[in-house]
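Engineer: At position 57 of the sequence shown the residue is numbered 57 (the working numbering), and the sequence of numbers has no breaks.
A couple of the hints might just be wrong.
Taking CB as the label site, the calculated pair distances span [what the hints assert, rightly or not]:
{"no.": "1", "residue 1": "Lys43", "residue 2": "Ala11", "range": "41 to 47 Å"}
{"no.": "2", "residue 1": "Phe26", "residue 2": "Lys70", "range": "24 to 30 Å"}
{"no.": "3", "residue 1": "His8", "residue 2": "Lys39", "range": "45 to 51 Å"}
{"no.": "4", "residue 1": "Val55", "residue 2": "Leu13", "range": "23 to 29 Å"}
{"no.": "5", "residue 1": "Ile36", "residue 2": "Leu9", "range": "21 to 27 Å"}
25 Å max Cα-Cα, derived DSS-like pairs, lysine-lysine [to be verified]:
{"no.": "6", "residue 1": "Lys38", "residue 2": "Lys70"}
{"no.": "7", "residue 1": "Lys45", "residue 2": "Lys70"}
{"no.": "8", "residue 1": "Lys70", "residue 2": "Lys39"}
{"no.": "9", "residue 1": "Lys43", "residue 2": "Lys70"}
What the hints contain is simulated information worked out from the structure, not anything from laboratory work.
Quick caveat, the model's predicted, so the values are computed rather than measured.
Positions of the beta carbon are idealized from the N, C-alpha and C atoms, including for glycine.
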Amino acid sequence: MYGHHTWHLGAWLSLIIIVALLIAVFEVWMIVDAAINKKISDKAKVWWIVGMLIVHPFVAIAYFFTDHRKR
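Let's have the full structure, built from the sequences with the hints guiding it.
Structural biologist: Dropping the structure here:
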């Protein structure tokens, strides 16, 4: 019975790691996108990037649905 629970925990940990990696990749993508986005001001770029670094992934999601689409 112990082995079954260990596998179950391992599966959950694997899922959590995969989701965390996907979120990290999304955030890096949005940070790079904000940095090279010519449609937003330099001040907006700074605010977006600082926000993504501090309050990630919520700011990255907000950027995706707002200024990312301006590209």
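Engineer: Looking back at the hints listed earlier, which ones does the structure fail to meet?
Structural biologist: Hints 2 and 5 are the ones this structure does not satisfy, whereas the remaining hints hold.
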